[in-house]
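Q: One letter stands for each residue in the lines below.
2 protein chains.
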Amino acid sequence: MKTQYVIGVDIGGTNTVIGSMDAHGTILRRTKIPTQEYSTGDSYASALGNTINDLIAKSGLQGQIQGIGIGTPSGNMNTGVIEKAANIPWAKTESVPLAAMLTKITGLPCKLSNDANAAAWGEKEYGCAKGMNDFIMITLGTGLGSGIVAGGQLVVGHDGFAGELGHVRVVRHNGRLCGCGRTGCLETYASATGVARTACELLESRPETQSVLREITSRPITSKDVFHAAQRGDALALEIFDFTGKILGDAICDFIAFSSPQAIILFGGLAHAGDFLLKPLKEEMEKQILFLYKGKTDILISQLNDAEAAILGAGALAW
Amino acid sequence: MKTQYVIGVDIGGTNTVIGSMDAHGTILRRTKIPTQEYSTGDSYASALGNTINDLIAKSGLQGQIQGIGIGTPSGNMNTGVIEKAANIPWAKTESVPLAAMLTKITGLPCKLSNDANAAAWGEKEYGCAKGMNDFIMITLGTGLGSGIVAGGQLVVGHDGFAGELGHVRVVRHNGRLCGCGRTGCLETYASATGVARTACELLESRPETQSVLREITSRPITSKDVFHAAQRGDALALEIFDFTGKILGDAICDFIAFSSPQAIILFGGLAHAGDFLLKPLKEEMEKQILFLYKGKTDILISQLNDAEAAILGAGALAW
Numbered sequence: 000m001k002t003q004y005v006i007g008v009d010i011g012g013t014n015t016v017i018g019s020m021d022a023h024g025t026i027l028r029r030t031k032i033p034t035q036e037y038s039t040g041d042s043y044a045s046a047l048g049n050t051i052n053d054l055i056a057k058s059g060l061q062g063q064i065q066g067i068g069i070g071t072p073s074g075n076m077n078t079g080v081i082e083k084a085a086n087i088p089w090a091k092t093e094s095v096p097l098a099a100m101l102t103k104i105t106g107l108p109c110k111l112s113n114d115a116n117a118a119a120w121g122e123k124e125y126g127c128a129k130g131m132n133d134f135i136m137i138t139l140g141t142g143l144g145s146g147i148v149a150g151g152q153l154v155v156g157h158d159g160f161a162g163e164l165g166h167v168r169v170v171r172h173n174g175r176l177c178g179c180g181r182t183g184c185l186e187t188y189a190s191a192t193g194v195a196r197t198a199c200e201l202l203e204s205r206p207e208t209q210s211v212l213r214e215i216t217s218r219p220i221t222s223k224d225v226f227h228a229a230q231r232g233d234a235l236a237l238e239i240f241d242f243t244g245k246i247l248g249d250a251i252c253d254f255i256a257f258s259s260p261q262a263i264i265l266f267g268g269l270a271h272a273g274d275f276l277l278k279p280l281k282e283e284m285e286k287q288i289l290f291l292y293k294g295k296t297d298i299l300i301s302q303l304n305d306a307e308a309a310i311l312g313a314g315a316l317a318w
Numbered sequence: 000m001k002t003q004y005v006i007g008v009d010i011g012g013t014n015t016v017i018g019s020m021d022a023h024g025t026i027l028r029r030t031k032i033p034t035q036e037y038s039t040g041d042s043y044a045s046a047l048g049n050t051i052n053d054l055i056a057k058s059g060l061q062g063q064i065q066g067i068g069i070g071t072p073s074g075n076m077n078t079g080v081i082e083k084a085a086n087i088p089w090a091k092t093e094s095v096p097l098a099a100m101l102t103k104i105t106g107l108p109c110k111l112s113n114d115a116n117a118a119a120w121g122e123k124e125y126g127c128a129k130g131m132n133d134f135i136m137i138t139l140g141t142g143l144g145s146g147i148v149a150g151g152q153l154v155v156g157h158d159g160f161a162g163e164l165g166h167v168r169v170v171r172h173n174g175r176l177c178g179c180g181r182t183g184c185l186e187t188y189a190s191a192t193g194v195a196r197t198a199c200e201l202l203e204s205r206p207e208t209q210s211v212l213r214e215i216t217s218r219p220i221t222s223k224d225v226f227h228a229a230q231r232g233d234a235l236a237l238e239i240f241d242f243t244g245k246i247l248g249d250a251i252c253d254f255i256a257f258s259s260p261q262a263i264i265l266f267g268g269l270a271h272a273g274d275f276l277l278k279p280l281k282e283e284m285e286k287q288i289l290f291l292y293k294g295k296t297d298i299l300i301s302q303l304n305d306a307e308a309a310i311l312g313a314g315a316l317a318w
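So the sequence lines, in the order shown, correspond to chains G and E.
By the count of numbering that gives the first Met the number 0, the first sequence reaches residue 318 at its end, each step adding exactly one.
By the count of numbering that gives the first Met the number 0, the second sequence reaches residue 318 at its end, each step adding exactly one.
Isolated chain G (complex conformation) (with noise of 0.2 Å):
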């Protein structure tokens, strides 16, 4: 028997990166297109394949590859179609049957899921969330994206659009506007932005509060401002992260009483400030919790690298 292989497309925003890779999550050989130069889906599936076709040709994998697996905003895992994605230009006013027009150019099975889903597959496949049947994935991004896994299988829902944890509403009175339109989702507090939020609103509401923030004055503050003002002991920045830590730890609680997962798997640049917020979240969890899920959920950090999980989670897909 050969060795079988998959192709891994993570449609980002500027790029699309598409590479191969073998059972053990190991990249073989990497390209890219531009996400925003196509005025069409039939342009840019036409351009997608036959830069999938020449990657195959150039690894010499002709014959060995498995399927194509492709992680999408808006990709619809139901119907293998990106449904109306605001931030690429051939997608946005229509639906793009992406899966289906790549498996008639490249000949090969594709499917393809949001990247939040994407991510989650990944670490089953790759992973810390190797070898688990029910566990949440969340990514700690610009905003909040999941991914859930219950009795081994990926929760899309009916309509393919399930896992949105980022807008389950945790602040029902006076919460945060959110991009959605609504007020108080979670994402608007434990993201990148909703820290740098966190960050503004505190700096604004607490004049005497002396802090290292305060000299960040030509640009935006950004949570990567906050964690390094955390790492020198600014307790303002702290505080911010014990903040947004127990905001999402207390959501945290609800998600658990929905699936019982196994573990919590977080992702993301803001997972990166590690006790910082894993302590207060923590904490929280432990207070909160049902007295039925006490001490039964992990909260891991995914050891994915950054630049190669989403490939390798859309990837996953294909297997």
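Treat the hints loosely; a few may be bogus.
A pair counts as met if it fits within one copy or between any two copies, since identical chains are not told apart.
[Claimed, not checked] Computed list of lysine-lysine pairs in DSS-like fashion (alpha-carbon distance at most 25 Å, straight line):
1. K83 x K293
2. K295 x K91
3. K295 x K129
4. K245 x K293
5. K83 x K286
Since the hints were made in silico from the structure, they are not lab data.
Chain E: place on chain G using the hints.
A: Frame of chain G; chain E shown alone:
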């Protein structure tokens, strides 16, 4: 091929009801034993197993029973064990592997689950969730129970205890004290008990507001009293349902963000309040639902007979 039947066992706080049923959900014969009158798991399992064998013999169904399904408090579907059920004397302090014990006595395969999961599976086999792969069943009784089906599977979690949506915290500050020891849990608001609590709170905090509920002085007010008052057009009773429906509708929006179900199915006494509860619930959902899910999830009232639903649900597990 012979027609097949199953045995459904509903372990209630007072009685254990046992019934034989066919694939259409017609209950052929039923009997019961008292749940409380046994001091050990062994003596209970022995009585139950013998009763099941009797029922099969009397119905002339030997060789035609596909299996036994059990719905029980604290039932763990992963293991077939009743794990410390507070209200069952023979399972209060020790775990009882009832599924295995019954298989030994009856020679039949046996599936055991908590009552809320059994109810959900009953809706899928016999009720309004027929043909659905993604739905959430919410039982509005003394508390709030829930059974979640995602991708055609019951969500049971890594430990068998998923689906405690009654203990999602909907009021994070100054919430009502819950039986679980925490505050603000959904079931302290959206349940028969919750409605009665809301009635008491409003009657006390608004001494000037007239209501027919004030005529009830010799005993505690129940949710049924509030329902009857609402039927008479009592403004305070209508406000109580409005408050309850809004809280439940708001919580349901978060549940949808988790598993994007095709329908939410309401069951139990409070579900019979009909539009008094459903109207504010749906209005709040319409207002609060994330745009992705707008208009996609039906709110349905279970059409199963209250007296038969538990046993049908239990039996459904056995198919």
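Q: A separate judgement is required for each hint: does it hold in the structure or not?
A: These are the hints, each one checked on the structure:
Taking CA atoms no more than 25 Å apart as the test, K83 paired with K293 passes between copies only; the shortest distance there is 15 Å, against 41 Å inside one copy. When the C-alpha separation of K295 and K91 is checked against a cutoff of 25 Å, the pair qualifies only between copies, where the shortest distance is 21 Å, while the shortest distance within a copy is 42 Å. With identical chains, the CA atoms of K295 and K129 are at most 25 Å apart within one copy only, with a shortest distance of 17 Å there and 34 Å across copies. For a Cα distance limit of 25 Å, the shortest separation of K245 from K293 inside one copy, 17 Å, qualifies, whereas the shortest one across copies, 30 Å, does not.
In the homo-oligomer, the alpha carbons of K83 and K286 lie at most 25 Å apart only across protomers (22 Å), although the nearest pairing inside one protomer, at 41 Å, exceeds that limit.
Every hint from the earlier list agrees with this structure, and none is contradicted.
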